[in-house]
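Novice: From just these sequences and the hints, can you work out the full model?
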Amino acid sequence: MRVERGRALLVTGRNGSGKTTLLRILAGLTLPEAGRVTWDGEAIRPGASTMRAQCVFVGHAPALKDELTVEENLRSLTALAGAHVSDDAIATALASVDLHEQRGLPARVLSQGQRRRVGLARLALLPRPVWLLDEPATALDAAGLAWLGKLVAQRLRDGGMVIAATHQSLEIPSDRVDTLAMT
Amino acid sequence: MKQPPRSLPPKGVESVAWDGPARLTAIAQTEGEEAQFGVATAILWAATHDLRVAMRSRSELAVQILFYVIVVSLFPLAASPDRALLAALGPGVLWVAALLASLLSLPRLFAADFADGTLEQIASSPYPLQALVGGKIVAHWLCTGLPVVVLAPLLGLQYGLDSDVLAVVTLSLLVGTPLLSLLGAIGAALTLGARGGSSLLALLILPLCVPVLIFGAGAADAVRAGLSASPNFSLLAAGLLIALVGAPFATAAAIRVALD
Numbered sequence: 017m018r019v020e021r022g023r024a025l026l027v028t029g030r031n032g033s034g035k036t037t038l039l040r041i042l043a044g045l046t047l048p049e050a051g052r053v054t055w056d057g058e059a060i061r062p063g064a065s066t067m068r069a070q071c072v073f074v075g076h077a078p079a080l081k082d083e084l085t086v087e088e089n090l091r092s093l094t095a096l097a098g099a100h101v102s103d104d105a106i107a108t109a110l111a112s113v114d115l116h117e118q119r120g121l122p123a124r125v126l127s128q129g130q131r132r133r134v135g136l137a138r139l140a141l142l143p144r145p146v147w148l149l150d151e152p153a154t155a156l157d158a159a160g161l162a163w164l165g166k167l168v169a170q171r172l173r174d175g176g177m178v179i180a181a182t183h184q185s186l187e188i189p190s191d192r193v194d195t196l197a198m199t
Numbered sequence: 292m293k294q295p296p297r298s299l300p301p302k303g304v305e306s307v308a309w310d311g312p313a314r315l316t317a318i319a320q321t322e323g324e325e326a327q328f329g330v331a332t333a334i335l336w337a338a339t340h341d342l343r344v345a346m347r348s349r350s351e352l353a354v355q356i357l358f359y360v361i362v363v364s365l366f367p368l369a370a371s372p373d374r375a376l377l378a379a380l381g382p383g384v385l386w387v388a389a390l391l392a393s394l395l396s397l398p399r400l401f402a403a404d405f406a407d408g409t410l411e412q413i414a415s416s417p418y419p420l421q422a423l424v425g426g427k428i429v430a431h432w433l434c435t436g437l438p439v440v441v442l443a444p445l446l447g448l449q450y451g452l453d454s455d456v457l458a459v460v461t462l463s464l465l466v467g468t469p470l471l472s473l474l475g476a477i478g479a480a481l482t483l484g485a486r487g488g489s490s491l492l493a494l495l496i497l498p499l500c501v502p503v504l505i506f507g508a509g510a511a512d513a514v515r516a517g518l519s520a521s522p523n524f525s526l527l528a529a530g531l532l533i534a535l536v537g538a539p540f541a542t543a544a545a546i547r548v549a550l551d
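Chains as they are written, first to last, in this note's numbering: chain A, 17 to 199; chain B, 292 to 551.
It is worth saying that the hints were derived from the structure and are not from the lab.
Check the hints yourself; a few may be wrong.
[What the hints assert, rightly or not] A few chain B residues that don't get close to chain A, going by computed Cβ distances all over 10 Å:
1. PRO417
2. GLN449
3. LEU499
4. SER521
5. PRO522
6. VAL536
7. PHE540
[Stated by the list, open to error] Some chain A residues near chain B, calculated using beta-carbon distances under 8 Å:
8. GLY22
9. LEU26
10. ARG30
[What the hints assert, rightly or not] Which chain A residues face chain B? A few, computed with CB under 7 Å, are given here:
11. ARG21
12. GLY44
13. THR46
14. ALA64
15. MET67
16. ALA79
17. LEU96
18. PRO189
Just so you know, even glycine gets a beta-carbon here, dropped at the ideal spot from N, CA and C.
Specialist: Following this line, the structure appears as structure tokens:
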């Protein structure tokens, strides 16, 4: 498989077909048993830091600390990804995913969907070349889904690559989407 | 639960709600990116992150410290109040209690991050995993090792230890507790995701800590016998240096295996 700049790859397939494993290999979390990963035509070592600096991985677990506030969680996660994000940008991102009211609350009070939205706000603040999204639509409501579609479409227009494992269709322009069916 | 004060929404917030991706990406692109993913930044991130989380769950911290205080205080009550016996027992008890207190908090070192997905983000971050792990170990030591060192002189009084022996015990704990945190981190990472992880962790780590215990507690015995404690300190410090270099790498490798 091959992904070009400005294109999205939707990975589909039944449960257990290896969608998550594929994304985790690309994110450098799992070692492939066979095959190789190439970036810009060069083979890269699994988990190499050069690749990790290009990717943002959004997994099943939202990686939020219940003890910290929503705002602190978001700031901490973007800092971990190596981005310097101003307080204003954090506040705007949280407002954008409709979490402005909750930003000072500990993350433990958030619902599943709201936790997802913090992950999406993080994604919006990290415009890396490759986004790896593992079931990004889970627990999102219609408004959240539409927001995610806009975010991905915007990223693709800016020349990013998006690889998403999903059962639901994301609301992105179909001329930019390839599909990979896992068996 | 005390809520932090709320401030007014920043200018323009209302207008971006639920239609902001384009503007957000634009903002994000103007923000700086770290060019070099430095070791110091990574250590600092992990240490401050873990300390902040620990400070929000202070009761857990207090339980660990209280556990240490109680274990040390039980021995003078259970053993005979013979002054010579207690003085001989004291350094060893302080060391064993320090080891147990460190062990008590180790299972949580990576397990919480493993469960909530933070460890995935740590492992897929562009910063070196060894450095991030190192920062977590620093935070673990600050939360569990440092209080043990600080309390040791006070608790040692129960054993009627002389001031020079007390000083040596405290100093040996200062060198030895980071070593316990470093060794413990390897065990905590190796037992990640294993069933009965915490009891397995104890079985795995306690034998590894025996040399630390022998040289640590031995330092005070040497002073009590009128000998120099410097060989013990040299060995402890050598062990600490080796562990400082090796343990983060071993721990990082074990975490990668656990996540794989």
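Novice: Take the hints in turn and mark each one as holding or not.
Specialist: Hints versus structure:
no.	hint	result
1	PRO417	violated, 4 Å
2	GLN449	holds, 34 Å
3	LEU499	holds, 27 Å
4	SER521	holds, 42 Å
5	PRO522	holds, 41 Å
6	VAL536	holds, 20 Å
7	PHE540	holds, 14 Å
8	GLY22	violated, 14 Å
9	LEU26	violated, 19 Å
10	ARG30	violated, 23 Å
11	ARG21	violated, 15 Å
12	GLY44	holds, 6 Å
13	THR46	holds, 5 Å
14	ALA64	violated, 10 Å
15	MET67	violated, 9 Å
16	ALA79	holds, 4 Å
17	LEU96	holds, 5 Å
18	PRO189	violated, 14 Å
Of the numbered hints given earlier, the model fails hints 1, 8, 9, 10, 11, 14, 15 and 18; all others are met.
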